[in-house]
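Colleague: Chains as they are written, first to last, in the working numbering: chain A, 1 to 274; chain B, 1001 to 1324.
FYI, nobody ran anything at the bench for these hints, they're computed from the structure. Any given hint might turn out to be false.
Calculated lysine-lysine pairs in the DSS-like style (CA-CA distance at most 30 Å, straight line) [what the hints assert, rightly or not]: (1) A:K272 to B:K1017; (2) B:K1217 to A:K194; (3) B:K1207 to A:K256; (4) B:K1263 to A:K20; (5) B:K1107 to A:K230; (6) B:K1181 to B:K1107; (7) A:K258 to B:K1219; (8) B:K1197 to B:K1207; (9) B:K1284 to A:K252; (10) A:K20 to A:K252; (11) B:K1219 to B:K1321; (12) A:K18 to B:K1263; (13) A:K252 to B:K1263; (14) A:K258 to B:K1207; (15) B:K1217 to A:K266; (16) B:K1321 to A:K256; (17) A:K252 to B:K1291; (18) B:K1321 to A:K272; (19) A:K272 to B:K1291; (20) A:K194 to B:K1197; (21) B:K1107 to A:K2; (22) B:K1321 to A:K266; (23) B:K1219 to B:K1291; (24) A:K266 to B:K1219; (25) B:K1107 to A:K115; (26) B:K1263 to B:K1017; (27) A:K258 to B:K1263; (28) A:K191 to B:K1217; (29) B:K1291 to A:K258; (30) B:K1284 to A:K258; (31) A:K258 to B:K1321; (32) A:K191 to B:K1219.
These figures come from a predicted structure and were not determined experimentally.
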Amino acid sequence: MKILVPLKRVADPDNANKIKVTGGKVDTTGLENKPNPFDEYALEAALRLTENGASPKVRQGEVVVVTFGPKEAEATLRSALATGADRAIRIDATDDQLDGDVVARALKALVEKEKPDLVLAGKQAVDGDSNQVGQLLAEYLGWPQATFAGSITSESDQALLVVREVDGGTITLRVRLPAVVTVDLRIVAPKSVKSTFTSDSHAYPEGVRFAALMAIMAAKKKPLAEMALKDLVADATLKIAYPAFELPPARKAGVKVKSVAELVEKLANEAKAL
Amino acid sequence: MSKILVVAELHDGRIRKSTHSAITFARQAAMPFAIAVLGPGATQAAESMRAFGASHVIVVDDAYLGQPVAERFAPTIATLVTQGGFSVLALTASSFGKDVAPRVAAKLGAGYAPDISSVSPIEGGSLAYRRPVFAGNAFATARISTPIHVVSVRQSEFAAAEPDASSAALSPVETAALAAKDAAADRVEFVAMGEAKSERPDLGEAKVIVSGGRALKEKFAEVLDPLATRLGAAVGASRAACDAGYAPAELQVGQTGRVVAPKLYIAVGISGAIQHLAGMKGSKTIVAINKDPEAPIFQVADYGLVADLFTAVPELVSELKARA
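Work out the full structure, taking the sequences as your base and the hints as a guide.
Modeller: Laid out in structure tokens, this is it:
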């Protein structure tokens, strides 16, 4: 199986409460760039689908990672190569040239060149929280989709059984490849992803894998191609613009209560919440 | 004249309450709007949508739309928009709405703004939207430049619409046919729906939510259930509690789970990670019970109680009982 995994780098999501708004624009000064966590999960799922969990150094198929960004964004790709991806592509672009729709249209053109069996993506990037590239891409390609995947079982080279996490429960879909699948956070639980090569009893460590030093060195020799955005989309007009940002209104400072009785009294008489 | 199409969310023959928030969105946008009800049983369910002042209610009553599969809904929704000459399509920001909205936007060549929290008319008869980004740590003003706009509406930010008392006339009902099927729909098979069976209100609709963190360990239900029952509350959970297996995944509140805004949110043993706060900061009154006085949850709590939850929660239950 050949899998394409789009990766985005975002301002450190664990410190998102430190972002500022200056002159109506988001200011992430002081926040480190990190891979979007859902994209890291998608990469982990792609690796699990293309290996026998007992011998994860041997790739059964191909995992290609792609990102949109300037030269510095290659760091994201190199770390993906170090954890096991075979090949990387950087599409040269700056953030202000992109919205979810341009990214989806560029990915469509890339898919037509690369011909993967599966595009495996994060369900959303935690900066814009837009949650749309996977679905847009599926529609542009005329492919089926399974969004918010909490588990993926590869039934054959032709079909995946996907359990989606939805409001109030789960929905299980069988999608025939090629398809687009977007992943939710529980995709990296020990038994969430089953390839046709891995035994049913195999359990992965919780979370995403880390690269060994040797692999980081070796990743420097793996192929990393560069493409121009305009080679993929002739018309890169944005469909959505964000002319202004603001911080959310601060909640007024709360009080500490000393006892359960005081809490109940305040909830009843002050907040009128009971 | 610009007009809006609101897509109702039909589940088991019942209109979900999130639909009423989408109707409030349409009213705030101050444009004429229609409501579409799609799926088996839509004819009957549409009756309840006739009293909201919509120009008309469109019904597509077809068993093909009996399961929430985006590839089945997208062509019909897109066709309703183009045939009806709508300039704004509003879906609910539910897992269903977010699954299908981008596919419809792609068909219409439309820009899509998800999770909108407010709407305002701007020059030229258009609309600007406000939406949370960075896990709710900032709000962005979104402007869509395409002739048709697609949005999904956050239930937690728009009050549920009440029937329009000023208009005695009910909206007329029009039936519409299924559009030509997408080939992609033949490549996705609906296998099963696993629904959490619960006597409690849905997280999105509850007035009170009692939410627990990892600190509850195996006693998650044992500690929280009596409190939730006493308050008629829904039960929520932090990501850490779900990941550790103490609570089922569908209870998760946060950036990656449900976004809620009840009247009262009681966070028990939840430290208050950024992604959790993103899902509940809009609650009217927030209570935090945690034994760590430095827990970030206290920064957003209206009332904080530094205490051991295993004694404080049972005490809270008996205190509430005593008041009743």
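Colleague: Would you mind marking each hint as holding or not holding in the structure?
Modeller: So, going through the hints one by one against the coordinates:
The hinted pair formed by K272 of chain A and K1017 of chain B meets the criterion: a straight-line CA distance of about 24 Å does not exceed 30 Å. Only pairs whose Cα atoms come within 30 Å are accepted, and K1217 of chain B paired with K194 of chain A is accepted, the gap being roughly 28 Å. In summary, the hint linking K1207 of chain B to K256 of chain A is supported, as the alpha carbons are separated by about 23 Å, within the 30 Å threshold. For the suggested pair K1263 of chain B and K20 of chain A, the alpha carbons sit about 29 Å apart, so the restraint of at most 30 Å is met.
At most 30 Å may separate the alpha-carbon atoms for a hinted pair to count; K1107 of chain B and K230 of chain A meet this at roughly 22 Å. A C-alpha spacing of about 13 Å is found between K1181 of chain B and K1107 of chain B, which places the hinted pair at or below 30 Å, so the restraint holds. The suggested pairing of K258 of chain A with K1219 of chain B holds, with an alpha-carbon distance near 24 Å, which does not exceed 30 Å. Of the supplied pair hints, the one linking K1197 of chain B and K1207 of chain B holds, its CA atoms being roughly 19 Å apart against a limit of 30 Å.
Between the alpha carbons of K1284 of chain B and K252 of chain A the distance comes to roughly 11 Å, so the proposed pair stays at or under 30 Å and holds. Of the supplied pair hints, the one linking K20 of chain A and K252 of chain A holds, its CA atoms being roughly 19 Å apart against a limit of 30 Å. At roughly 21 Å between alpha-carbon atoms, K1219 of chain B and K1321 of chain B fall within 30 Å of each other, so this suggested pair holds. Distance hint between K18 of chain A and K1263 of chain B is fulfilled; the C-alpha atoms sit about 27 Å from each other, no more than 30 Å.
Under the criterion of a C-alpha separation no larger than 30 Å, the hint pairing K252 of chain A with K1263 of chain B is consistent with the structure, at around 16 Å. Restraint check: the Cα-Cα separation between K258 of chain A and K1207 of chain B comes to about 25 Å, which is no more than 30 Å; the hinted pair holds. Proximity of K1217 of chain B to K266 of chain A is assessed by CA-CA distance (about 29 Å); at most 30 Å being required, the pair is judged to hold. For the proposed pair K1321 of chain B and K256 of chain A, the alpha carbon gap of about 23 Å is at most 30 Å, so the pair holds.
With a C-alpha separation of about 22 Å, the suggested pairing of K252 of chain A with K1291 of chain B holds against the 30 Å cut-off. Between K1321 of chain B and K272 of chain A the CA atoms are separated by roughly 17 Å; this keeps the pair inside 30 Å, and the hint holds. For a cut-off of 30 Å, the pair hint linking K272 of chain A to K1291 of chain B stands: about 25 Å separates their Cα positions. Proposed proximity of K194 of chain A and K1197 of chain B is supported: the alpha carbons are some 28 Å apart, at most 30 Å.
Straight-line distance between C-alpha atoms of K1107 of chain B and K2 of chain A comes to about 27 Å, which keeps the hinted pair within the 30 Å bound. For the proposed pair K1321 of chain B and K266 of chain A, the alpha carbon gap of about 16 Å is at most 30 Å, so the pair holds. Between K1219 of chain B and K1291 of chain B, the direct Cα distance comes to roughly 16 Å. Compliance with the 30 Å bound is thereby established for this hinted pair. This hinted pair checks out: K266 of chain A and K1219 of chain B have alpha carbons roughly 27 Å apart, not beyond 30 Å.
A hinted pair counts as satisfied when its Cα atoms are at most 30 Å apart, and K1107 of chain B with K115 of chain A qualifies at roughly 22 Å. A hinted pair counts as satisfied when its Cα atoms are at most 30 Å apart, and K1263 of chain B with K1017 of chain B qualifies at roughly 16 Å. Taking the CA atoms of K258 of chain A and K1263 of chain B, the gap is about 23 Å. The hint holds against a cut of 30 Å. Restraint check: the Cα-Cα separation between K191 of chain A and K1217 of chain B comes to about 21 Å, which is no more than 30 Å; the hinted pair holds.
Pair hint K1291 of chain B plus K258 of chain A holds up; C-alpha atoms about 12 Å apart against a cutoff of 30 Å. The straight-line distance between the Cα atoms of K1284 of chain B and K258 of chain A is roughly 21 Å, inside the 30 Å bound, and the hint therefore holds. With a C-alpha separation of about 20 Å, the suggested pairing of K258 of chain A with K1321 of chain B holds against the 30 Å cut-off. The straight-line distance between the Cα atoms of K191 of chain A and K1219 of chain B is roughly 24 Å, inside the 30 Å bound, and the hint therefore holds.
Hint compliance for this structure: no hint is broken.
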